[in-house]
Amino acid sequence: MKGGALELGAASKGLAPKNAVNRGIAILDFILRIVAIVGTLGSAIAMGTTNQTLPFFTQFIRFRAKYTDLPSFTFFVVASSVATVYLVLSLAVSIFNVVKSDAQGSRVLLIIFDTIMLGLLTAGASAAASIVYLAHKGNTKTNWFAICQQFNSFCERISGSLIGSFAGVLVLVVLVLLSAVALSRR
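In the UniProt record's numbering, the protein residues as written are 1 to 186.
What the hints contain is simulated information worked out from the structure, not anything from laboratory work.
Being a predicted model, the structure only gives us computed values, none of them experimental.
Treat each hint with caution, since some may be false.
Computed spacing ranges between beta-carbons, pair by pair [claimed, not checked]:
no. : residue 1 : residue 2 : range
1   : F145      : I116      : 16 to 26 Å
2   : Q104      : S153      : 46 to 56 Å
3   : A123      : V174      : 17 to 27 Å
Here are the simulated DMTMM-like pairs of lysine to aspartate or glutamate, each with C-alpha atoms no more than 20 Å apart in a straight line [said to hold, decoys possible]:
no. : residue 1 : residue 2
4   : K137      : D69
5   : K137      : E156
6   : K66       : E156
Every residue, glycine too, gets a C-beta built ideally from N, C-alpha and C.
Could you put together the complete structure from these sequences and hints?
Written out as structure tokens, the structure reads:
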């Protein structure tokens with residue numbers, strides 16, 4: 001009897017730190033999701049509201065640069081917006097993981113959808129990054145001229161938008177790794 005009680009007490013002590021670590025991982029997961037929401041939402045808003053108009057010779061003829069002029073930027077805004085909506089919806093599952101730190105099904109679900117959003121966000125940010133590079137450097141072989149010398153404000157905003165999006169990509173990578181660590185601790 002005494003030996004059985006001792007074994008039960010040792011087993012319960014082993015579970016307490018494991019659940020505490022899993023709860024800590026779940027809280028970190030929730031915080032990182034909020035950080036990713038800020039990054040992806042900020043980048044979608046910055047890109048979606050980017051435009052600049054420059055006068056040419058007279059006030060009646062103007063050159064305009066807007067994010068909708070380039071399909072890569074439109075895809076970027078859609079991808080960032082979809083990722084933001086997903087991250088907001090996933091907060092509920094993340095809260096569930098904080099409350100019930102030993103849940104496995106919800107972690108698997110988060111890994112699957114986080115990986116899908118990681119791919120979507122990476123694709124959108126990469127497509128936009130290639131156009132931003134051409135806007136800054138140009139390509140003389142294909143007669144693509146660098147437009148950032150004329151459209152300074154436009155280029156600053158689209159470049160800044162990429163920073164928030166790639167930060168969201170990095171946070172999603174960490175979220176996938178955190179969920180995998182939490183599942184492996186079971």
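The hints, checked one at a time:
{"no.": "1", "hint": "F145 x I116: 16 to 26 Å", "result": "violated (37 Å)"}
{"no.": "2", "hint": "Q104 x S153: 46 to 56 Å", "result": "holds (49 Å)"}
{"no.": "3", "hint": "A123 x V174: 17 to 27 Å", "result": "holds (19 Å)"}
{"no.": "4", "hint": "K137 x D69", "result": "holds (18 Å)"}
{"no.": "5", "hint": "K137 x E156", "result": "holds (14 Å)"}
{"no.": "6", "hint": "K66 x E156", "result": "holds (13 Å)"}
In terms of the numbered hints stated before, the structure departs from hint 1 and from no other.
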